[in-house]
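Enquirer: Got chain A sorted already, so can you dock chain B onto it with the hints?
Number of protein chains: 2
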Amino acid sequence: MTNTTQEAASAANKSNHDPAHHRSAPQPFALTILGAGSATPTLRLHPTAQLLTVGSDYMLIDCGEGTQLRLIEQKIRLGRLRYIFISHLHGDHYFGLAPLLSTLNLSGRTEDLYLFGPRGLDEVLTTIFRVSDSRLGYNLHFQAVDPALPTLLLDHPQLTVESVPLQHRIDCSGYLFREKPHKPHLLREKLPTDVPVQYLKQLKEGHDIRDENGSVLYAAAEYTVPGPPSRSYAFCSDTRYVAGLTTQLQGVDLLYHEATFLEDNAERASEVYHSTAQQAAAIAANAGVGRLLIGHFSSRYKQFEPFLNEARSLFPETYLAVEGETFVI
Amino acid sequence: MTNTTQEAASAANKSNHDPAHHRSAPQPFALTILGAGSATPTLRLHPTAQLLTVGSDYMLIDCGEGTQLRLIEQKIRLGRLRYIFISHLHGDHYFGLAPLLSTLNLSGRTEDLYLFGPRGLDEVLTTIFRVSDSRLGYNLHFQAVDPALPTLLLDHPQLTVESVPLQHRIDCSGYLFREKPHKPHLLREKLPTDVPVQYLKQLKEGHDIRDENGSVLYAAAEYTVPGPPSRSYAFCSDTRYVAGLTTQLQGVDLLYHEATFLEDNAERASEVYHSTAQQAAAIAANAGVGRLLIGHFSSRYKQFEPFLNEARSLFPETYLAVEGETFVI
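In order, the protein sequence lines correspond to chains A and B.
In terms of my numbering, the first sequence is residues 1 to 329.
In terms of my numbering, the second sequence is residues 1001 to 1329.
Just chain A, same shape as in the assembly (with noise of 0.2 Å):
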């Protein structure tokens, strides 16, 4: 289930130079984890952070204090991040993005990058530059997010990013990754080697080839086999049990969702808008996901096992999100 970043991306760029992994490995998607832990610093566990590989680009999901260390332990090249989303301004969860975009600078980065956040993001990161009265030699886009309806942020060539409101003490949203619908794969040794290229097109296209009196010469379905299904990855966190989220995130490949607390401590979860592994476990099965990664772990427990215990009980699917594992969706 696990592997490193650098295999998921070593397996990627095989599937794009062999043709003969063209129909089984597709583009990379996975996830990898940077931090788990929650707002009170441990050398235990890292605050939020998470690395989602889609295709040759990476996508940062927040962003807590020393996040870039975290990439440089991964061998991530910085400079090939392009889009991050922050989910909300406590900062557990982006206190390490002023120290990452200062260090994209120095490096001396051109390319454009993309951030989406709460508002008041951008003036935390425009007052941090003025005051050290920094330009950045690169274009940041800053794009807002509604905290109450769920929006489509980024239409990307491979997938599609949307927000998912989240219920927190402060403006919080969750993130919706889903890969765009695969065109059908062509059966290229079914064909005849002289069939006009643009035939080949059309046919991937899922339209069938007609004669001029409109017989079919050659059926999409006959010369075909549908591409793989499309992936989806959503997180959520932070955030108190919230049922309705079910409808959203129904039949997502991977659920990342917070479980700050156990059980014994479903009252205060309540209180301090967190949730408890139980009901993380209750929205994945809800919303009939593939599988259910937790974390967000309260420094109060010494122990992870009756995390993933209390979840399985109720949704056996379930993973702990260890810092520095890849999770192939």
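Hints are computed from structural coordinates only; laboratory data are not their basis.
A portion of the hints provided could be inaccurate.
[As the list claims (entries may be wrong)] Not everything, but these chain A residues come out facing chain B in the computed CB check (under 10 Å): (1) A39; (2) T40; (3) P41; (4) L43; (5) G66; (6) Q68; (7) E73; (8) F95; (9) L100; (10) L106; (11) G120; (12) T127; (13) R130.
Please read all numbers here as calculations on a predicted model, not as lab measurements.
We treat Cβ as the ideally placed atom computed from N, Cα and C, and that holds for glycine.
Expert: Then chain B, alone, in the frame of chain A:
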């Protein structure tokens, strides 16, 4: 020369409670290096941060990203921090500050905290706390430091702190910590046991005790020995070579002076308002300091010995600011 922060604190406690140590072991005055790197993040060195232990108080000097974890690694109780000094608003010197202040708040701190730094620092912090809808549960007293004039910033029971104007790309100040003069020690064993208590205080302050005719009963010089010399520490980072610094820094016991580059990059050092190891050593030699500590090494250098060698060619009592080491002053 070096030991751990805990050992320094332990030595301090011993001197407080064991009269036999009263004369030989003064209050601790020790510097712990938390970060000695420069702006580019690496896994080898952390950004600038130092902890000065003065009696039972902790003073933090600069606070690069991740400083709170360095403090936790050193087993420093964060709650004991009372004074924080920030040299300038380049991120590698203060991006760990908002995270640290947030953690202190989360842990329920109510004691006042005193922060010294460039104008603009308060605006950054105010913005960060406003957008997260946070109110600190403790008073944070901010004093903006005049970057152009040496200024007395703090009159602490045991020491004074004054600013040291440096020359960097943006406003930047060093800090000079000077112990107040120690009172003479009383030689109790030489005095008759029936000497009135009020005489002891006068003798310790250097006053002779006279009878009603003005004749000396007990001469201060006979019944006291001079207290230990006052100790001093100066922190200078980041700055280009400023020959005039030696006036203010004359005779300090320990001087930290940045040494971002080796002599092969002297021209570049000047351009980017940094110093070489030899320039740091020249300041130390001309100011007649006791020991020189160098740090803020550029990530372009893979080895630190050349820094030491170049500096020692001018000033033999030079040491590397090794992270985790404590220099007892």
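Enquirer: State for each hint whether it applies.
Expert: Hint by hint, here is what the structure shows:
no. : hint : verdict
1   : A39  : 6 Å, holds
2   : T40  : 6 Å, holds
3   : P41  : 5 Å, holds
4   : L43  : 6 Å, holds
5   : G66  : 5 Å, holds
6   : Q68  : 5 Å, holds
7   : E73  : 7 Å, holds
8   : F95  : 5 Å, holds
9   : L100 : 9 Å, holds
10  : L106 : 6 Å, holds
11  : G120 : 4 Å, holds
12  : T127 : 5 Å, holds
13  : R130 : 8 Å, holds
Checked against the numbered hints given earlier, the structure satisfies every one of them.
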